[in-house]
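A.B. asks: Sequence:
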Amino acid sequence: MEVTPGSLERFFGVVMPHMNEMQRRVVAGAVAEMLGRGGKTVVAAASGMSRNTVIKAESEVAAGIEPSARLRALGGGDKPLTEKQPGLLEALDGLVHPETRGNPMSLLRWTSKSSTKLADELARKGFEVSSRTVLRLLHRLGYSLQANAKVTEGRQHQDRDAQFRYLNDMAEGFIDDGQPVISVDTKKKELVGDFANGGNE
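Counted from 1, the sequence shown has number 65 at position 65 by this note's numbering; the numbering is strictly sequential.
Take the hints with a grain of salt, since some may be wrong.
[Stated by the list, open to error] Label-pair distances were calculated between CB atoms; the ranges are:
#	residue 1	residue 2	range
1	GLU33	ASP176	47 to 57 Å
2	LEU89	ILE175	41 to 51 Å
3	ALA62	TYR166	52 to 62 Å
4	LYS84	TYR166	33 to 43 Å
5	ALA62	MET19	30 to 40 Å
6	LYS84	GLY64	28 to 38 Å
7	MET170	GLU21	23 to 33 Å
8	PRO80	THR41	22 to 32 Å
9	ARG124	PHE11	41 to 51 Å
Rather than coming from a laboratory, the hints here were simulated on the basis of the structure.
Every residue, glycine too, gets a C-beta built ideally from N, C-alpha and C.
All chains, full assembly: derive it from the sequences and hints.
C.D. replies: Next up, the structure:
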């Protein structure tokens, strides 16, 4: 099985919120050790942990960690970024798509903005956040990366948002009529010219 930065980011985004600090360090260190050369940098980028923390975690894993029931005391450790910067999650949700902000019950949630652009817009609002963190927060808000990632920057198709609005209206219509609506996620990985799909779900 090939491990890609996208799949690692998805993995950490799913498991990290359910772990205490020690467990996160063990998992990050073990994954970095498994990846070998360059693994620490990849894990740091995918998990949002500092590279120094991952380096130390990998060393601890390599040295052997004894199972322990001792956990960091409640309230110990760094506070989540959303606690350090109140309003961050709400600000990001408001930037992603005006229609989503105005209609929180929308069945479909989407964005055509890049994580880097969103991070820049948040910075102008006074928040300090990286593009990687923006990706994790988007997952937390219910968004997912489904489109091909362009190696070179280009303009989004002008009908892209209209297509999503149409699908959302259709889904809501079926729900109102008591009809089932099925969502299907598929995986695909390919590299065609300047377009790459990292296999994000």
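A.B. asks: Each of the hints needs a verdict: does it hold here or not?
C.D. replies: Here is what the structure says about each hint:
About 52 Å separates the C-beta atoms of GLU33 and ASP176, a value consistent with the hinted range of 47 to 57 Å. Here the CB-CB span from LEU89 to ILE175 is close to 26 Å, at odds with the stated 41 to 51 Å. The beta-carbon spacing between ALA62 and TYR166, approximately 53 Å, falls within the hinted interval of 52 to 62 Å. Checking the proposed 33 to 43 Å range against LYS84 and TYR166 shows it holds: the Cβ atoms sit about 39 Å from each other.
Range check, ALA62 to MET19: Cβ separation about 20 Å, and the 30 to 40 Å hint is violated. For LYS84 paired with GLY64, a C-beta distance near 34 Å keeps the hint of 28 to 38 Å intact. A hinted range of 23 to 33 Å for the beta carbons of MET170 and GLU21 is inconsistent with their spacing of about 45 Å. In this structure the hint that PRO80 and THR41 lie 22 to 32 Å apart at CB holds, the actual value being about 23 Å.
Taken as a hint, the range 41 to 51 Å is violated for the pair ARG124 and PHE11, whose Cβ atoms sit roughly 31 Å apart.
Violated hints for the displayed structure, listed by number in ascending order: 2, 5, 7, 9.
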